[in-house]
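Participant: Residue-level listing of the chains:
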Amino acid sequence: MHEDEHEHGHAAHAEHAHPPLQKDHDAGPMGPYEVLEEALRSLLIDKGILSAEQIAAAIDLMDSRTPQLGAKVVARAWVDPAFKKRLLKDTRAALLELDIDIGTIAEFATVENTPEVHNVIVCTLCSCYPKMLLGLPPAWYKSLAYRSRTVVDPRGVLREFGLELPGEVEVRVHDSTADLRYLVLPMRPKATRGWSEEALAGIVTRDCMIGTALPRVETKGGRPRARRAA
Amino acid sequence: MVSAVKSTRRLEGSQAPRFAPGDRVDVQGRPVLGHCRTPWYVRGKQGVVVAVYGRFRDPERLAYHFPGLPAQVLYKVRFAQHEVWPNYAGAAKDHIEIDIYEHWLEPAR
Chain A
281 MHEDEHEHGH
291 AAHAEHAHPP
301 LQKDHDAGPM
311 GPYEVLEEAL
321 RSLLIDKGIL
331 SAEQIAAAID
341 LMDSRTPQLG
351 AKVVARAWVD
361 PAFKKRLLKD
371 TRAALLELDI
381 DIGTIAEFAT
391 VENTPEVHNV
401 IVCTLCSCYP
411 KMLLGLPPAW
421 YKSLAYRSRT
431 VVDPRGVLRE
441 FGLELPGEVE
451 VRVHDSTADL
461 RYLVLPMRPK
471 ATRGWSEEAL
481 AGIVTRDCMI
491 GTALPRVETK
501 GGRPRARRAA
Chain B
230 MVSAVKSTRR
240 LEGSQAPRFA
250 PGDRVDVQGR
260 PVLGHCRTPW
270 YVRGKQGVVV
280 AVYGRFRDPE
290 RLAYHFPGLP
300 AQVLYKVRFA
310 QHEVWPNYAG
320 AAKDHIEIDI
330 YEHWLEPAR
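If you're matching them up, the sequences are chains A and B in order.
Taken in order, the first sequence gives residues 281 to 510; the numbers are from the numbering used here.
Taken in order, the second sequence gives residues 230 to 338; the numbers are from the numbering used here.
Hints may contain errors.
Claimed, not checked - Derived SDA-like pairs: lysine to any residue, alpha-carbon spacing no greater than 25 Å straight-line:
#	chain 1	residue 1	chain 2	residue 2
1	B	K322	A	T394
2	B	K274	A	V397
3	B	K322	A	E440
4	A	K411	A	L378
5	A	K352	A	K411
6	A	K327	B	H294
7	A	K365	B	Y317
8	A	K365	A	R345
9	B	K322	A	L378
10	A	K411	B	L291
11	A	K411	B	Y282
12	A	K411	B	K322
13	A	K365	B	R238
14	B	K322	A	L368
15	A	K411	B	K274
16	A	K365	A	T485
17	B	K274	B	R238
18	B	K322	B	P336
19	B	K322	B	G273
20	A	K369	B	P246
21	A	K365	B	Y282
Quick caveat, the hints were computed from the structure, so don't treat them as lab data.
Given the sequences, and given the hints that come with them, work out the whole structure.
Facilitator: Take a look at the structure:
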């Protein structure tokens, strides 16, 4: 609710007021971390430790990682049981088969959802996330609420995501606080029989790979259809 | 266009892991602060080793610009939720798995 400094009716307000201009995100004074980052970056470049090109390339690499990359991996695992086996056994090596290099920041592991076990990923200590496969995490993944509540009340948190799991399914939370990053391999919906790998990848959302959602098949006229990416 | 990066974060070496999958372990209850990766809520709790991930530099030392040595074997440890949280509201079969470095683990008493 905003409060106007002077009195006027709603009609007058609508006539004269215009929506506030959206500020550039870099408007205003720099915060202490921005100052620190710029100072450090300038020093690294001046001392010849890194080049501006290398920094730009690293940013581009990070930006190129999106959940579509993870979806491609999940779809491959769904259509190729031998690949799935390798993915579960040695995620780094299996990803290299698909030309996905996860770098040396962290190791990766894949946990498989089954009719008996549903996996969900959280990092209670900070916000460790499989960035090299899924890109940058959603804001809620880094929120104190998600981080603290997912370990204590995972079923309650999943319910808020619209995911109600029956009591006979074990909910297995993975608190990824150390050197491992986790990918959830969701179950392939039965209604996707005969789908192409590409169509399958289209129903694997970011949240499916965090464990806060299940892949969904939209049905139209009784026939399952792959949901198109927006 | 992957340049066949084979390097990993794991360290080479033959340090024998102290624990094996299936071993019951106690997490130490040490009140350590700093860049410590063992969450408070699991300190003093008992779990079962489900995976041995190999040797990694010790993040508690790395964070303060030491080389992170001696390296620590990293384990995936499974805990029953109702043992971690006495008032746990979910199913009895629910678990939580946490990656814990060896110097935080003891054989279960």
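Participant: Each of the hints needs a verdict: does it hold here or not?
Facilitator: A quick look at each hint next to the structure:
1. K322(B) / T394(A): Status holds; Cα separation ~14 Å.
2. K274(B) / V397(A): 23 Å, holds
3. K322(B) / E440(A): 21 Å, holds
4. K411(A) / L378(A): 17 Å, holds
5. K352(A) / K411(A): The hint holds at about 15 Å.
6. K327(A) / H294(B): Since the Cα atoms of K327(A) and H294(B) sit roughly 20 Å apart, the hinted pair holds (cutoff 25 Å).
7. K365(A) / Y317(B): Since the Cα atoms of K365(A) and Y317(B) sit roughly 34 Å apart, the hinted pair is violated (cutoff 25 Å).
8. K365(A) / R345(A): Roughly 24 Å between the alpha carbons, so the hint for K365(A) and R345(A) holds.
9. K322(B) / L378(A): 36 Å, violated
10. K411(A) / L291(B): Holds, at about 21 Å.
11. K411(A) / Y282(B): At roughly 20 Å apart (the allowed maximum being 25 Å), Y282(B) and K411(A) satisfy the hint.
12. K411(A) / K322(B): 30 Å, violated
13. K365(A) / R238(B): Roughly 22 Å separates the two Cα atoms, so the pair holds.
14. K322(B) / L368(A): 23 Å, holds
15. K411(A) / K274(B): 30 Å, violated
16. K365(A) / T485(A): Given pair K365(A), T485(A) holds - Cα atoms ~22 Å apart, limit 25 Å.
17. K274(B) / R238(B): 28 Å, violated
18. K322(B) / P336(B): Given pair K322(B), P336(B) holds - Cα atoms ~23 Å apart, limit 25 Å.
19. K322(B) / G273(B): 21 Å, holds
20. K369(A) / P246(B): 19 Å, holds
21. K365(A) / Y282(B): 18 Å, holds
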